[in-house]
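Peer 1: What follows is each chain in one-letter form.
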Amino acid sequence: MPRILIAEDELDIRELIKITLTFSGFEVVAAEDGQKAVELAQDGEYDLIMMDVQMPHMDGYQACREIKKMPALRHVPVVFLSAKGQSSEVKEGLGAGAIDYMLKPFAPDELITRINQILENGRKPGQVT
Amino acid sequence: MAELSNLTFQRIIDNLPTAIIVIGDDGIVRLFNQQAKTLSPGLETGSSWESAGMLFHTDPKIKREWMELLTPGSVMEADLGFAIWRLESQPVELDGSDFVQITANHIRDRTVENSHIDEEKSELSRLRKLLEITQELSYLLEEELVLEKALQLLNDPINAAEGRVLLKDEITGEFVARVEVEGDGKAQLIEKPTGIWPNQGLAGWVLRTRQAVLIPDTEKDKRWISNGTRKGQTGPLRLRRSVLAAPLEFGHEPIGVVILSNPEPNQFSEDDFLLLKEATALMSNALYNAHLYDLIRNQGARLGGMLREEQINAAKNQSILESIADGVLVVDQFGETILANDAFIDIFEIPRWRVVGKKVSSLDEVLKDSGANWLNVVTEWGDEESSANIVAGKSVEDTFVLANSDRTVRVSLAPVFAGGQFLGTVSIFRDITREIEADLAKTSFISLVSHELRTPLTSIRGYTELMLMGAAGDLPETIDKYVKIIQTNAKRLHELVGDILLVTQFDSGDMPLTLMPVQLGEVIDDVVNNHLKNRISVENRTIDLSVEYGSDLPEVMADRGRIVQILTNLVDNALNYTPDPGEIVIVARQTAESIFMSVRDTGIGIAPDEIDEVFQRFYRSEDVSVRQVAGTGLGLSIAKTFVEMHGGHLTVSSEYGVGSTFTFDLPIGDVDQD
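If you're matching them up, the sequences are chains L and C in order.
Just so we're aligned: 35 in my numbering is position 35 of the first sequence, and the numbers increase by one with no gaps anywhere.
Just so we're aligned: 404 in my numbering is position 404 of the second sequence, and the numbers increase by one with no gaps anywhere.
Hints are computed from structural coordinates only; laboratory data are not their basis.
Errors might be hidden in some of the hints.
[What the hints assert, rightly or not] Going by beta-carbon spacing under 8 Å, a handful of chain L positions derived as facing chain C:
id: 1; residue: 10
id: 2; residue: 12
id: 3; residue: 13
id: 4; residue: 19
id: 5; residue: 54
id: 6; residue: 56
id: 7; residue: 57
id: 8; residue: 58
id: 9; residue: 59
id: 10; residue: 62
id: 11; residue: 72
id: 12; residue: 84
id: 13; residue: 95
id: 14; residue: 97
id: 15; residue: 104
id: 16; residue: 106
[Unchecked claim] Here are the simulated EDC-like pairs of lysine to aspartate or glutamate, each with C-alpha atoms no more than 16 Å apart in a straight line:
id: 17; chain 1: C; residue 1: 491; chain 2: L; residue 2: 109
id: 18; chain 1: C; residue 1: 149; chain 2: C; residue 2: 162
id: 19; chain 1: L; residue 1: 18; chain 2: L; residue 2: 59
id: 20; chain 1: C; residue 1: 149; chain 2: C; residue 2: 170
id: 21; chain 1: C; residue 1: 442; chain 2: L; residue 2: 110
id: 22; chain 1: C; residue 1: 129; chain 2: C; residue 2: 309
id: 23; chain 1: C; residue 1: 491; chain 2: L; residue 2: 110
id: 24; chain 1: C; residue 1: 358; chain 2: C; residue 2: 397
id: 25; chain 1: C; residue 1: 533; chain 2: C; residue 2: 610
[As the list claims (entries may be wrong)] Some residues of chain L that are not near chain C, with every Cβ distance over 10 Å (derived):
id: 26; residue: 20
id: 27; residue: 33
id: 28; residue: 42
id: 29; residue: 43
id: 30; residue: 85
id: 31; residue: 87
id: 32; residue: 89
id: 33; residue: 103
id: 34; residue: 114
id: 35; residue: 118
Please read all numbers here as calculations on a predicted model, not as lab measurements.
Idealized CB from N, CA, C, for every residue including glycine.
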């Protein structure tokens, strides 16, 4: 069962993602900000990390850069799931090392499809939904 | 008076017997003739009048007198060693009294004066009379006054009862009496045709032969036409027995005759004859001078006018540049700054003296590293060798942040040419700090609003989908129906937010295209198979779908994501307004330079009076059948904008109640380019 770490500050959305992924058969660990996500990422093994961009303490860009700095975590694909969709924001996210940048609101089936694609291929060029 | 070339003019005044110097109100010598140069060999145009005056005299008193000559109307006599000259200053009548003209006339030769001192009394008095005439005439610069004064002066010493100056009419040739002296001895200006022509009478003879004549008794001279035999003569008969006549010349051309007469015979002496001869020679000279003075005055007025106009233009141009709200920096062809307006000084916050009159390259102290691109170019263009390569119309644009004030400045630099000659450069600076701040504020506002709208939408849409996926267990039929309604409307809201964001980005210009070779057939298949067919099946529609494009359709340079959006909006539009059972046809075909794509439907069509409005943002028809369909009125306007960003056009043709066809073209572009 693939393990996914999610970071999302909004409780409702954190729950939504958690339920959606769990319902589709993933094991989910949730963090409420970037800082926590970086800590949790170091403690456990994850197949994918999915993060919001705008979060307190440490935003998603920064958290992604921190994770990509760590040799043990560098290979773990990071995906942004954000309501921020301007081209400069997408660019910055991919520049931080993310493999994909998805936009909120999301359709659950599309989200699952994209995650499965990433897990199967390992790599797929970044694309915005 | 016809305009003279400057050279002709100079030649004319060089030949004048009178020395002429024209001095501007600034005391600078503007013009002088050969005579003046002989008097004062140091005269130079552009030099100061004072230094020219010094050459005449070093005595401070005389020098002071000289300077007084600059006051119009002042007169002085100057003993210049070999002769005595009369110097007189006249204002040249331009707009005001900008110029003073100094004329110097030779009054008497000291040698002549000495040698004649012991001569006969009559000879002396004749010479004195001539001298008086010379002096009087040298004041006069109008032809008529010359004639009038001369005749007056002549009439006194010569015992004439009547005197007239006859001038040949320039057009008809007839002699016209212009000045007349009669019994009262007062000369008067008149204009009386005489009825005599140059081939007639004594006047004609004098004019033709250019010889003065003394006739003791006209009754014994055949050249004389008596009053009684003259045609057209009116008025009382005049008796003229003694006659003196001499020609008046202008240059070398005879122009008239001076005639003095007396009713008694043998009234004129040889002295009178000599006096008349010499006096008419003086009159001729004075006439010539007066005429030339006219020339000078007109030429002076013309030059002065031109000079003034140039000054006004220059002042105008300067004040225009000064008052422009943008910073203006003018650099000459030697790299030196010749103008920096107030706005430039404000933007750069540096004192004017550090800019104007300095090499433009010295600005690097102020700019530090900012604006290096601009400074390099403007410095290079100020270098004589490299400026030879500058092409008119070339310009350089740059944007930089000023090191000393953090202002963002946009500069555009262009060379200035006049008649093919490179004169320097003009740089226009605009402080765009506030524009950039406003842009940033707008961008972050859009980002904020879009984020704040999408976040609650994410929950609404996400939980709705979760329920429909069965994550909360099976839903009772009614709840399932209601949740589906929420889902549909959440989707609509989502699309609307996306569309509004797009439109805002169009307006802020923040919408770059990522061009790459795109296979349009593949895009059509993508949109049809992954979107249109899904909708038809989900919405359970009865639509006959057909796609036509050749397998040899070439690639176009385009932004694939945007083309997908264009086509999606068009097929959605077709599907939305086509009732079941209907037909949608998607066609792509190729011309030499473009690919045309069209989406045709058998829908409700567009009313003729609305066809121009369908591409307007937020436009929605009042038609009931349109209002039944959910929509924002943004889809077609977005599609049109994307098409135009690709350099194409989106058009529509429609028949109300029958169907519509939307067609757009995409230029093929240079696909080989990366």
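Peer 1: Does each hint fit the structure? Answer for all of them.
Peer 2: How the hints compare with the structure:
| no. | hint | in the structure |
| --- | --- | --- |
| 1 | 10 | holds (6 Å) |
| 2 | 12 | holds (5 Å) |
| 3 | 13 | holds (5 Å) |
| 4 | 19 | holds (6 Å) |
| 5 | 54 | holds (7 Å) |
| 6 | 56 | violated (14 Å) |
| 7 | 57 | violated (18 Å) |
| 8 | 58 | violated (18 Å) |
| 9 | 59 | violated (12 Å) |
| 10 | 62 | violated (18 Å) |
| 11 | 72 | violated (32 Å) |
| 12 | 84 | holds (5 Å) |
| 13 | 95 | violated (16 Å) |
| 14 | 97 | violated (21 Å) |
| 15 | 104 | holds (4 Å) |
| 16 | 106 | holds (7 Å) |
| 17 | 491(C) - 109(L) | holds (14 Å) |
| 18 | 149(C) - 162(C) | holds (15 Å) |
| 19 | 18(L) - 59(L) | violated (20 Å) |
| 20 | 149(C) - 170(C) | violated (22 Å) |
| 21 | 442(C) - 110(L) | violated (31 Å) |
| 22 | 129(C) - 309(C) | violated (47 Å) |
| 23 | 491(C) - 110(L) | holds (14 Å) |
| 24 | 358(C) - 397(C) | violated (23 Å) |
| 25 | 533(C) - 610(C) | violated (29 Å) |
| 26 | 20 | violated (6 Å) |
| 27 | 33 | holds (16 Å) |
| 28 | 42 | holds (28 Å) |
| 29 | 43 | holds (28 Å) |
| 30 | 85 | violated (6 Å) |
| 31 | 87 | violated (7 Å) |
| 32 | 89 | violated (7 Å) |
| 33 | 103 | violated (8 Å) |
| 34 | 114 | holds (14 Å) |
| 35 | 118 | holds (19 Å) |
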